[in-house]
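J.: Here the protein sequences line up with chains W and U, keeping their order. Counting in numbering that gives the first Met the number 0, the first sequence tops out at residue 76, every number present. Counting in numbering that gives the first Met the number 0, the second sequence tops out at residue 559, every number present.
If you are wondering where the hints come from, they were derived from the structure by calculation, not from laboratory data. In this text the structure is predicted, and so the values were computed from the model without any measurement. Hints are supplied without guarantee of correctness; some may be wrong.
Calculated cross-link-like contacts (lysine to aspartate or glutamate; reagent style EDC-like; alpha-carbon spacing at most 20 angstroms) [to be verified]: (1) U:K139 to W:E71; (2) U:K490 to W:D72; (3) W:K70 to U:E476; (4) U:K139 to W:D72; (5) U:K139 to U:E399; (6) W:K70 to U:E399; (7) U:K490 to U:D140; (8) W:K70 to U:E322; (9) U:K319 to W:E71; (10) W:K61 to U:E476; (11) U:K319 to W:E34; (12) U:K401 to U:E322; (13) W:K10 to U:E399; (14) U:K497 to W:D75; (15) U:K403 to U:E322; (16) W:K65 to U:D485; (17) U:K401 to W:D4; (18) U:K401 to U:D448; (19) U:K403 to W:D4; (20) U:K497 to U:D485; (21) W:K65 to U:E476; (22) W:K6 to U:D140; (23) U:K139 to W:D75.
Residue strings, one per chain:
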Amino acid sequence: MKKNDLKSMGKSFTKYILIIGALLILLDFTFHRHEYFSFAEIYGFPAFFGFVSFVFIVMLGKWLRKFLMRKEDYYDQ
Amino acid sequence: MISNFIPGLIMIIASFLLPIIPQYFRHPAMLLSVGLSALSLFNGYGTFLEWDILGLNLILYQSDSLTLPFAIIFHIAAILVIIFSWHSKNLMEHMATLAYAGSAIGALHAGDFFSLFIWWEATALTSVFIVFAGNTNAAKDAAMRYLIIQVSSGVLLLIGACLMLYQTGNHNLAVLDLKTNFGIFIFIAFGIKAAFPLLNGWLQDSYPESSVTGTVALSAFTTKLAIYALARTFPGTDSLIWIGAIMTAFPVFFAVIENDLRRVLSFSLNNQLGFMVVGIGIGTELSLNGTVAHAFVHIIYKALLFMSMGAVLYRAGTTKASELGGLYKYMPFTTIFCIIGAMSISAFPLFSGFVAKSLIMSSLGGMGMVLIYFILFFASAGVLEHSGIKIPYFAFFAHERKNKVKEAPINMLIAMGIAAFLCIAIGVFPKYLYQILPYAVEYQPYTLDHVISQLQLLVFAIIAFLFLVKFKLYPSEIRSTVLNTDWFYRKMLPGIGKPLFKKIGLLTDSLYKNLGLSFKQVLSKSYKFSNLSYIKVTTPSFAGTILISILFIMLVIVLV
Chain W
0 MKKNDLKSMG KSFTKYILII GALLILLDFT FHRHEYFSFA EIYGFPAFFG FVSFVFIVML
60 GKWLRKFLMR KEDYYDQ
Chain U
0 MISNFIPGLI MIIASFLLPI IPQYFRHPAM LLSVGLSALS LFNGYGTFLE WDILGLNLIL
60 YQSDSLTLPF AIIFHIAAIL VIIFSWHSKN LMEHMATLAY AGSAIGALHA GDFFSLFIWW
120 EATALTSVFI VFAGNTNAAK DAAMRYLIIQ VSSGVLLLIG ACLMLYQTGN HNLAVLDLKT
180 NFGIFIFIAF GIKAAFPLLN GWLQDSYPES SVTGTVALSA FTTKLAIYAL ARTFPGTDSL
240 IWIGAIMTAF PVFFAVIEND LRRVLSFSLN NQLGFMVVGI GIGTELSLNG TVAHAFVHII
300 YKALLFMSMG AVLYRAGTTK ASELGGLYKY MPFTTIFCII GAMSISAFPL FSGFVAKSLI
360 MSSLGGMGMV LIYFILFFAS AGVLEHSGIK IPYFAFFAHE RKNKVKEAPI NMLIAMGIAA
420 FLCIAIGVFP KYLYQILPYA VEYQPYTLDH VISQLQLLVF AIIAFLFLVK FKLYPSEIRS
480 TVLNTDWFYR KMLPGIGKPL FKKIGLLTDS LYKNLGLSFK QVLSKSYKFS NLSYIKVTTP
540 SFAGTILISI LFIMLVIVLV
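Let's have the full structure, built from the sequences with the hints guiding it.
T.: Structure below.
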């Protein structure tokens, strides 16, 4: 039981976030979202931008490890 | 009398009295000194204290609409730090913290570059003891590097101030530009403390090495003092827009792969400063209001996040993501406070970050700066990644924890509770924050367009995180060092310098040796020569030699 605490929390969290995400996209169709730049007014643009940015940041960061990562005692040597 | 007393000075005086105050009364005394200093907030605007010295007019205490919001938040930060460190008995750290906060408050009220310089150095000299208080070898080394860089910033400021006085006859704080040489010196001096790109290494180097409570104090004052100074002297400087945009974007990638969560927060601090710098660069009333509002709320939620990590360090003994996780069970209150800080910095609607960041984003949008706008929008997803998700996720969730730890001490919970309350209160009632901003601007952050747009960005970024974790694409935490710009002076320069100086040393050694040998030969020859009977030269004494050389020089001068 104890071991599954985090897992079940994660599962229900994922469920709620997906529902909220879907609602936010649906909301976009109910009114015209005014933005400073016209292309940002496309349905679901911020959602798309957020998702892609996040994946890009994590993936580029992961790739940068090749160049930037050293051993923990790097500066002590 | 109190109205002419420089704000913050009373805190510095109190810090010197701390050793003779009994242990139990130290924290109340510290709070009292902050309270007395805070009375200055009711003085209104104007110049209250000037000092004529050596033909210079120093404006030691002046206040206006830009000073006030910073002064308010610096006093609040000082109170939070004192409550958070209530359990600690480290006298040196208490003295340093109180004097550091006092110096930063004093600096806000300086009206000329020389007074600013004095306080500028005072913040450096007091805060270095806070880094020292980390009490490890790494902390001591970091403190020395920190001191060198902070003092360098002060020296550049002094050079700029002297040049300005020499060239213009004026040394009062005024709007400068980058066409003058003193402007450039002062710009770089401020840029070091504001952690501009490439000048940022000291921040991520020193802050995470400080003590449990020290990092909270450090995170509040130095960098925001630099933001205040930039806002006062370089508003509307175009290059700041790009500098700021780079600052928002770059630290994001470093924060993704950093293992030490307090260092992640230091990268995040750097990224937040970027938003403020962009606001200064735009230089409109709306954007400067945005910068000040952002600095105000940022100090609170950044302190809250550093406090939560401080509590984790205090109880679990580390802030390395690779060794943490599952603390939510044992530190539930800290977890909740940390999540409130994380939601504030990520700018969720109804939290303080939202009402401040909106001002800067709106001014960018209003000016039609599409590229910078989307760099900052992109960086907002980055903020959510490292501060919104990574910090709470790896510290409190991630996986189950085997050994128990205790919840944070009550004083820490109170300090975090106050900060969390302020984060939500400002988010829900932004008009009180807007009232104290430098310019009167009507602004409504809560429009449906804006709220939906921001929520879509954040929620889908969270979905991206869940997606990456689900498919095991999210980088696992590895014990490591991530190279940063401090690498240049910690590895590269010694790497070049040490062998170079060794070679130069060898070269000069052999040079001296050869010189010595030939000198001996010449000496022995001249000795033989002088001993020849037909030419008896008496060697002149030292005084004689000097006299002859002076006569010779005089002869040359006369001839010329």
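J.: Does each hint fit the structure? Answer for all of them.
T.: Taking the hints in turn, this is what the structure says about them:
1. U:K139 to W:E71: OK: K139 of chain U and E71 of chain W at ~18 angstroms, within 20 angstroms.
2. U:K490 to W:D72: holds (13 angstroms)
3. W:K70 to U:E476: holds (13 angstroms)
4. U:K139 to W:D72: holds (16 angstroms)
5. U:K139 to U:E399: violated (34 angstroms)
6. W:K70 to U:E399: Violated, at roughly 26 angstroms.
7. U:K490 to U:D140: Judged against 20 angstroms, a Cα distance of about 14 angstroms means the pair holds.
8. W:K70 to U:E322: holds (16 angstroms)
9. U:K319 to W:E71: Cα-Cα ~11 angstroms, so holds.
10. W:K61 to U:E476: holds (11 angstroms)
11. U:K319 to W:E34: Violated - the C-alpha atoms of E34 of chain W and K319 of chain U are around 40 angstroms apart, more than 20 angstroms.
12. U:K401 to U:E322: holds (11 angstroms)
13. W:K10 to U:E399: holds (15 angstroms)
14. U:K497 to W:D75: holds (16 angstroms)
15. U:K403 to U:E322: Roughly 14 angstroms separates the two Cα atoms, so the pair holds.
16. W:K65 to U:D485: Holds, because 18 angstroms separates the two Cα atoms, which is no more than 20 angstroms.
17. U:K401 to W:D4: Satisfied, since the Cα-Cα distance of roughly 14 angstroms is no more than 20 angstroms.
18. U:K401 to U:D448: violated (46 angstroms)
19. U:K403 to W:D4: Holds, at roughly 16 angstroms.
20. U:K497 to U:D485: Roughly 17 angstroms separates the two Cα atoms, so the pair holds.
21. W:K65 to U:E476: Within the cut-off at roughly 14 angstroms; holds.
22. W:K6 to U:D140: violated (42 angstroms)
23. U:K139 to W:D75: holds (13 angstroms)
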